[in-house]
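Peer 1: Sequence order for the protein chains is L and Z. Residues 30 to 358 in our numbering are what the first sequence spells out, letter by letter. Residues 12 to 353 in our numbering are what the second sequence spells out, letter by letter.
Treat the hints with caution; some may be incorrect.
[To be verified] FRET-style restraints, in silico, Cβ to Cβ: (1) L:T255 <-> Z:F234: 56 to 66 Å; (2) Z:I20 <-> L:Q235: 28 to 38 Å; (3) L:T344 <-> Z:I88: 37 to 47 Å; (4) L:G104 <-> Z:F234: 49 to 59 Å; (5) Z:N294 <-> L:M204: 35 to 45 Å; (6) Z:D198 <-> L:C256: 56 to 66 Å; (7) Z:I86 <-> L:E130: 57 to 67 Å; (8) Z:A203 <-> L:A183: 49 to 59 Å; (9) Z:S125 <-> L:Q100: 44 to 54 Å.
[Claimed, not checked] Taking beta-carbon pairs under 8 Å as the criterion, some of the chain Z residues facing chain L (in silico): (10) C15; (11) K143; (12) E146; (13) P216; (14) K218; (15) N221; (16) G228; (17) Q244.
Quick caveat, the hints were computed from the structure, so don't treat them as lab data. Each residue gets a CB set at the ideal place from its N, CA and C atoms; glycine is no exception.
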Amino acid sequence: MQKITREQLIEKASELLANGTVSCVLGWGAGEFGYDVTPTVFKTAEEMKTGFVFSDFCGANFSKYLVAKTQKTEGKILVFLKPCDTYSFNQLLTEHRFDREKVYAVGIPCEGMADISKIKAICGEGISSITAEGDTFIVTTLYDDEPIAIEASAVLAERCVNCKSKKHVAYDELMGEDGDVLDSGRFDEVARLEAMTPDERFAFWQNELSRCIRCNACRDACPACTCEKCVFDNPKSGVENKSPANSFEEKLFHIIRAFHVAGRCTDCGECSRVCPQNIPLHLLNRKFIKDINEFYGDYQAGAEVGSRAPLVNYTTADLEPGEVFNREG
Amino acid sequence: MLKCSLDKIQNLFAEISKSAKLYLPVDGKDGGASYGEWSEGVEWSGALNTTKSPKDFFFPQTEDLMAFKTAGKSIEIIDTRSESEDFVVFGVRACDAKSFDILDRVFLSEPQDSFYAMKRKHGIIVTAACTKPSETCFCQTFGIDPASPAGDISTWKTADALYLQANTEKGTALLEKLGAILEECSDDAVNAQKEKTAAIMQKLPLKDLNTDDFGGGKTQELFNNPAWDELSQSCLGCGTCTFVCPTCQCYDIKDFNTGNGVIRYRCWDSCMYSEFTRMAHGNNRLTQKERFRQRFMHKLVYYPENNDGLFSCVGCGRCLAKCPISMNIVKVMKKIGGNKGE
Ligand code: SF4
Ligand code: SF4
Ligand code: SF4
Ligand code: SF4
Ligand code: SF4
Chain L
30 MQKITREQLI
40 EKASELLANG
50 TVSCVLGWGA
60 GEFGYDVTPT
70 VFKTAEEMKT
80 GFVFSDFCGA
90 NFSKYLVAKT
100 QKTEGKILVF
110 LKPCDTYSFN
120 QLLTEHRFDR
130 EKVYAVGIPC
140 EGMADISKIK
150 AICGEGISSI
160 TAEGDTFIVT
170 TLYDDEPIAI
180 EASAVLAERC
190 VNCKSKKHVA
200 YDELMGEDGD
210 VLDSGRFDEV
220 ARLEAMTPDE
230 RFAFWQNELS
240 RCIRCNACRD
250 ACPACTCEKC
260 VFDNPKSGVE
270 NKSPANSFEE
280 KLFHIIRAFH
290 VAGRCTDCGE
300 CSRVCPQNIP
310 LHLLNRKFIK
320 DINEFYGDYQ
330 AGAEVGSRAP
340 LVNYTTADLE
350 PGEVFNREG
Chain Z
12 MLKCSLDKIQ
22 NLFAEISKSA
32 KLYLPVDGKD
42 GGASYGEWSE
52 GVEWSGALNT
62 TKSPKDFFFP
72 QTEDLMAFKT
82 AGKSIEIIDT
92 RSESEDFVVF
102 GVRACDAKSF
112 DILDRVFLSE
122 PQDSFYAMKR
132 KHGIIVTAAC
142 TKPSETCFCQ
152 TFGIDPASPA
162 GDISTWKTAD
172 ALYLQANTEK
182 GTALLEKLGA
192 ILEECSDDAV
202 NAQKEKTAAI
212 MQKLPLKDLN
222 TDDFGGGKTQ
232 ELFNNPAWDE
242 LSQSCLGCGT
252 CTFVCPTCQC
262 YDIKDFNTGN
272 GVIRYRCWDS
282 CMYSEFTRMA
292 HGNNRLTQKE
302 RFRQRFMHKL
312 VYYPENNDGL
322 FSCVGCGRCL
332 AKCPISMNIV
342 KVMKKIGGNK
352 GE
């Protein structure tokens, strides 16, 4: 359950709006069912009082929105950033994707976000309310006479189960206490895939990617995908397509995307969160991150602004391509 | 009314699949259901709905239209259509069954789309009544009763039996083939279930959402509503909403260069995309706001204007569940229509 409350965030925003530090607030807008939160720009404290929410369903990473919003807004934008969002924030700054001067970033602590599909797997469809009490969700549904109690830890989003860091790497102001970089198990699943034979691994990905409907949600939510015209949308590129026409196309899209974000992906988890087909896209990106760590030494994209990523850097100690090629896995 | 006891349901599936390929919702390992072909041992998913709608059976995401082969200076034109065989789509919900009416008006009006028409001719739709709608369901907004689904055959599942009733000639013919597995029975169990579902429908959070502020003739009034800016402000333009939607019908036609010829195919398109309906001068909808507005104006105003008031949304709730930013047609209707649905 989140330690910081909606009221504290509204109070902070009201103060910054009132003293003129910011002209608007990028925050979470309330929905119909308590879990369907929409990124929303609030211009006044009054708007926030009616429409702003902060809950265990505020997983959306706001960093990418800053690319478009800073171009449209007069004055500074207040943005609330969870620890993982701050890595994307730095990475975008490294790539000069938005003007830092136009943003006032408030780091907020995070206890991990819930995955509504995991909740529904337990209580079924027909949710009428979800409230957080301590470390438990109390869910009422149309079909159960008694409310259902669900341990928050059982329905944490995958990326939060494997949270890499509770430390904020960028902010103008921090609310609550900062955390630490964590020793997560995020590469365990990658190691399991590496242990497979090439055929097994091919079959695993073939099966996962066969569900892809090429809706582009993974790309469009990804803070590393900020090209104004993606090659896959550009009719002149020769690879433009609106559908996974065959299994080759299916893989091409994901392989190219994974290569394009390699060394820049901060492992924020947005791609897997938004995929309507529950394809574990984070495993592709984590494989690249794990390899980069092993080949060039530990590197976390977005940990600082302006760092030279191993893949765009050259040192005489770099390994030879042959060493990569001959390596198993 | 006919019935089949649930412990014989696999026999029922086996019997159906003797005369036609049978497709039904099956669970995936990640909890999402999708349509799959039945073979011995394949279980019918208990999920309320499949992630992708059954429109794929008639209007697949990609489909070859024709091919060209070049040899020297000659071009051979190849007809890629093949005579399809009868198939049964089982377990279709009332909302999705209604979506076929909406697609029919597009693809079966003159000039008919022969690819779609062929599949419609051979497809037999067996629907399944809902007993536990989700909070995201609002089919009743569009006059659909989930307890009385249409289709060639309607079915109702209770604790111990599946009840079946044919609605069309195709449906009657299929039921006749199933013979001994089915037994005649009264309507009592089905009527009791319908009553129970009707009571639940009155408890759904979106039950009062209505279409009063929408329909043909509303273009001028709604097009320039200032709320479009706010509603579309976070839309990623990903197109997930259009691809999971059972009634979205737009496609693009493309040529694939095979090296010694061309395969001409079509694939789903989305008005949320920057390349949608691109013409020589570029796209006529330059911003995401204009693309976003197109989606909802089409469903709620343009389509009904051209189709006797029929809306092109069936309230299945897929876009509510799957949009990465949780923006959807319900939020649009409440905001633009000033209709609070309360
Ligand atoms: S990954 Fe970590 S910081 Fe990010 S939402 Fe999950 S718990 Fe919070
Ligand atoms: S979000 Fe999922 S279904 Fe959509 S394009 Fe990405 S992998 Fe495919
Ligand atoms: S409304 Fe939602 S699903 Fe549709 S394009 Fe926009 S972000 Fe994607
Ligand atoms: S617009 Fe949404 S609710 Fe309506 S039919 Fe399409 S996916 Fe279903
Ligand atoms: S115009 Fe948009 S909303 Fe209408 S059918 Fe086409 S893709 Fe769907």
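Peer 1: A separate judgement is required for each hint: does it hold in the structure or not?
Peer 2: Hints, verified against the model:
no.: 1; hint: L:T255 <-> Z:F234: 56 to 66 Å; verdict: violated (31 Å)
no.: 2; hint: Z:I20 <-> L:Q235: 28 to 38 Å; verdict: holds (31 Å)
no.: 3; hint: L:T344 <-> Z:I88: 37 to 47 Å; verdict: violated (58 Å)
no.: 4; hint: L:G104 <-> Z:F234: 49 to 59 Å; verdict: violated (31 Å)
no.: 5; hint: Z:N294 <-> L:M204: 35 to 45 Å; verdict: holds (42 Å)
no.: 6; hint: Z:D198 <-> L:C256: 56 to 66 Å; verdict: holds (60 Å)
no.: 7; hint: Z:I86 <-> L:E130: 57 to 67 Å; verdict: holds (60 Å)
no.: 8; hint: Z:A203 <-> L:A183: 49 to 59 Å; verdict: violated (36 Å)
no.: 9; hint: Z:S125 <-> L:Q100: 44 to 54 Å; verdict: holds (47 Å)
no.: 10; hint: C15; verdict: violated (25 Å)
no.: 11; hint: K143; verdict: holds (6 Å)
no.: 12; hint: E146; verdict: holds (5 Å)
no.: 13; hint: P216; verdict: holds (7 Å)
no.: 14; hint: K218; verdict: violated (11 Å)
no.: 15; hint: N221; verdict: violated (15 Å)
no.: 16; hint: G228; verdict: violated (28 Å)
no.: 17; hint: Q244; verdict: holds (6 Å)
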